[in-house]
Amino acid sequence: YNLTAAYYFNLAANLDASYTYSNIAQRGSLHQLESRFLTTGTQNELQLGYINQDEIFAEEQTNLDPANGQNGKRWLISAQHTGQWQAVKSSINYTALSDQDYLRELDSTLVSGADHLSQSFFSNDPYPRTKTALNQSASINWHGEHFSANLAMEGFQSLLPEFDDQYERHPELSLNYSNSTGNLHYYGEAQISEFRTASSPNLNQPNSQRKLITSGISWPWSKPWGYAKPEIQIHHRSYRTDFGDGSEQQSSSDLTPIVSFDSGLKFEKLISSGQSAWLQTLEPRLFILHQGGNLKASENLYDSRQFNPSFNNLFRKNRFSGVDALIPGEQLSVALTSRLLSQANGQEVLRVQAGKAFFHYDLPTQTYDQMTEAGKSAIFIEASWQPRKNLKLDGKINWNTDQKSIISSYAGFSYRPTGSYLFNLFHLSEKVPASYSEHSRLENKKLTHASIAVPLSTYWRVVGMWNYDWNRKESIESVAAVEYNGCCWSAKLAYREFIDIFRGTEMSQQPYTEFKSRSGIFIEFQLKGLGNIGSDLVRLLERTVPGFSEQH
Numbered sequence: 001y002n003l004t005a006a007y008y009f010n011l012a013a014n015l016d017a018s019y020t021y022s023n024i025a026q027r028g029s030l031h032q033l034e035s036r037f038l039t040t041g042t043q044n045e046l047q048l049g050y051i052n053q054d055e056i057f058a059e060e061q062t063n064l065d066p067a068n069g070q071n072g073k074r075w076l077i078s079a080q081h082t083g084q085w086q087a088v089k090s091s092i093n094y095t096a097l098s099d100q101d102y103l104r105e106l107d108s109t110l111v112s113g114a115d116h117l118s119q120s121f122f123s124n125d126p127y128p129r130t131k132t133a134l135n136q137s138a139s140i141n142w143h144g145e146h147f148s149a150n151l152a153m154e155g156f157q158s159l160l161p162e163f164d165d166q167y168e169r170h171p172e173l174s175l176n177y178s179n180s181t182g183n184l185h186y187y188g189e190a191q192i193s194e195f196r197t198a199s200s201p202n203l204n205q206p207n208s209q210r211k212l213i214t215s216g217i218s219w220p221w222s223k224p225w226g227y228a229k230p231e232i233q234i235h236h237r238s239y240r241t242d243f244g245d246g247s248e249q250q251s252s253s254d255l256t257p258i259v260s261f262d263s264g265l266k267f268e269k270l271i272s273s274g275q276s277a278w279l280q281t282l283e284p285r286l287f288i289l290h291q292g293g294n295l296k297a298s299e300n301l302y303d304s305r306q307f308n309p310s311f312n313n314l315f316r317k318n319r320f321s322g323v324d325a326l327i328p329g330e331q332l333s334v335a336l337t338s339r340l341l342s343q344a345n346g347q348e349v350l351r352v353q354a355g356k357a358f359f360h361y362d363l364p365t366q367t368y369d370q371m372t373e374a375g376k377s378a379i380f381i382e383a384s385w386q387p388r389k390n391l392k393l394d395g396k397i398n399w400n401t402d403q404k405s406i407i408s409s410y411a412g413f414s415y416r417p418t419g420s421y422l423f424n425l426f427h428l429s430e431k432v433p434a435s436y437s438e439h440s441r442l443e444n445k446k447l448t449h450a451s452i453a454v455p456l457s458t459y460w461r462v463v464g465m466w467n468y469d470w471n472r473k474e475s476i477e478s479v480a481a482v483e484y485n486g487c488c489w490s491a492k493l494a495y496r497e498f499i500d501i502f503r504g505t506e507m508s509q510q511p512y513t514e515f516k517s518r519s520g521i522f523i524e525f526q527l528k529g530l531g532n533i534g535s536d537l538v539r540l541l542e543r544t545v546p547g548f549s550e551q552h
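Residue numbering for the sequence shown follows the working numbering, starting at 1 and increasing by one per position.
Any given hint could be a false lead.
To be verified - As a list, the in silico BS3-like pairs of lysine-lysine whose alpha-carbon atoms are at most 27 Å apart:
#	residue 1	residue 2
1	K266	K89
2	K376	K389
3	K269	K376
Said to hold, decoys possible - Have a look at the derived ranges for each label pair, beta carbon to beta carbon:
#	residue 1	residue 2	range
4	Q53	S517	24 to 30 Å
5	I56	N10	34 to 40 Å
6	I523	S199	43 to 49 Å
7	E497	N141	28 to 34 Å
In short, the hints are calculated from the structure, not lab data.
In this text, a Cβ means the ideal position worked out from N, Cα and C, and glycines have one as well.
Hey, can you work out the whole structure from these sequences and the hints?
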């Protein structure tokens, strides 16, 4: 069981705080404090969590390491800050935990994004992700008319053992310039970054300093019937790499010119049926890319990762995030989009689009896996139909023309009629791309999600959700809830079952491979305007039932 009570304190016009006490079976008393403070130019928030004696946690850690028994103390600290003083902005986003399993096991409501650690659900994202680390960053930025500067530090606390040695920026300084003359836009950037890992540098994960100089010009041009954007960029990157063990630091550099041309046309036709009229469009798009250089520093991948394949990513100038993996080669992307727009209100009733990329990268190295060997992408087909404002059907298919098979597919149905009704039905099927095989956590998916909310009367409503994994042939999460929402008070009762996929320990340094079924009963009672007793059921339902809101 988990018995929770929350107290709210309005300390001043610009300062408040809330204290939450939870008594968790076999884990003890969890104390959580949250405070918000506003000034003329800043917003500040502090969250603290502490449990003095978690018996289950202490026993698990002692069994893994008998020589160093654990006392069961667990804690959380999280601080967020945003500030602006004329042209200067500041930001802090820092979260630290006593252990990697804190958020998942204690289901803390404090840290933004912690809900991603529960059993993941999907709406219309064909590539749902699991949160792997907590951010620990700070930055200060100055922005003028044409110049800007930014100084930032970024670290992480890993939430999964296999991601303990992520690269961190300690620090990064960027200077930027941007200006235009007529339609001609020109820009430049100078950046220096220090990359460090938590462990000592070695051959596989060295520390490094990267210097980047980027300059570019573009000439965007547009008319109601089409557009074109030619662009030229030059990236110069230099690295000073430290492999540790007293070895001599190594230096390398790359010069990568990039020429790209993005263009599209728009044809329109008016069609009518009875008293209804629509505007139909036909929008072909062509994207051409050439990247030069020889990528001598191909092993320097500090802040780069391959983007998930998608229709929109067909038109990126780089298939990787960051600037480390600017691979020499050529790419040609083509796409065709057709839309149907209502003449009455301008609403997009129907959209159908398809696209494909052809490319050549002469680097069949293990660093970039099979992406450098293939000469073309899958065909990406997407469709969305919204005959009414509250009804939507959409789908996506990625078709491999060589293997004549579907890589991934998605189909969704969403109905949000007036009142407190809602209906969702989604199905996702996905095969792991061959170039992602090095990530042990990725696996083929075949998932179905169904959720519903139906009012029984003016004050009563039932809510249900079900996620099913067809590969494992079992339900991975289900929620059934009933709520009463009156004028002065509200009450909610919910039962939840789910599979905790990521079970394991940080001391084992092994991926979470075990599965454990978990369940719970959640009760919440709220006196409106005063406070609530029980679990945060609104948060639970909002993250598991797409479209759910307390006011819906």
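Hint compliance check: list the failing hint numbers for this structure, sorted ascending.
When the structure is compared with the hints, numbers 1, 2, 3, 7 turn out to be violated.
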